Amino acid sequence: MAPGRPRHPWRTFRRWRHRRPFGAGVALALGGAEILLTQRASINVILTAGADSLVGYVLPGLMVICGLLVVLNPRQRLFYSVVGVLASLGSWVTSNLGGFFVGMMLGLIGSSLAFGWLPDRPPRQRRLFRRRKPGTAGRATEAPTAAGTA
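The working numbering applies: residue 1 is where the sequence shown begins, and numbers increase by one.
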């Protein structure tokens with residue numbers, strides 16, 4: 001291997017992926033891409049008359065951009081997820097019922113996952129296996145007494 005390359009690239013990618021809302025961003029971007037693909041469907045498949053309007057291409061493009069930005073800039077995930085939800089819901093009217101509901105649902109699910117993602121939480125320990133601090137195993141806690149009473 002070259003001296004500047006990481007030894008385990010998949011492990012490095014896995015660590016990078018777990019530190020951000022990767023699945024949420026991918027779902028949001030895939031929803032926008034699916035809607036963009038249904039825009040180019042044949043005339044027999046297109047349901048709405050305004051499918052060739054500019055908004056029909058802008059909203060799915062905005063969904064793809066928000067999906068990428070959620071992954072690349074997770075600190076601003078709340079703003080991008082709200083914009084992604086609005087673009088997903090707007091695509092229902094402007095883009096063949098939101099890509100025949102599939103793209104719209106992918107966008108809504110991805111945006112919701114991005115909104116609910118919390119960064120860098122320590123893993124929870126199971127209650128049965130929590131370690132007690134040394135020296136506190138058999139000692140009962142004393143109730144605080146009021147000042148001036150004996």
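Quick caveat, the hints were computed from the structure, so don't treat them as lab data. Here the structure is a predicted model, which means the values were calculated and not measured. You may find that some hints are simply not true.
[Claimed, not checked] Here are the computed distance ranges between Cβ atoms for each label pair:
(1) Gly116 to Leu54: 14 to 22 Å
(2) Pro122 to Val58: 35 to 43 Å
(3) Leu68 to Phe100: 36 to 44 Å
(4) Arg19 to Phe101: 27 to 35 Å
All C-beta atoms in this analysis are idealised placements derived from N, C-alpha and C, irrespective of residue type, glycine included.
* Asked: Does the structure break any of the earlier hints, and which numbers would those be?
  -> 1, 3
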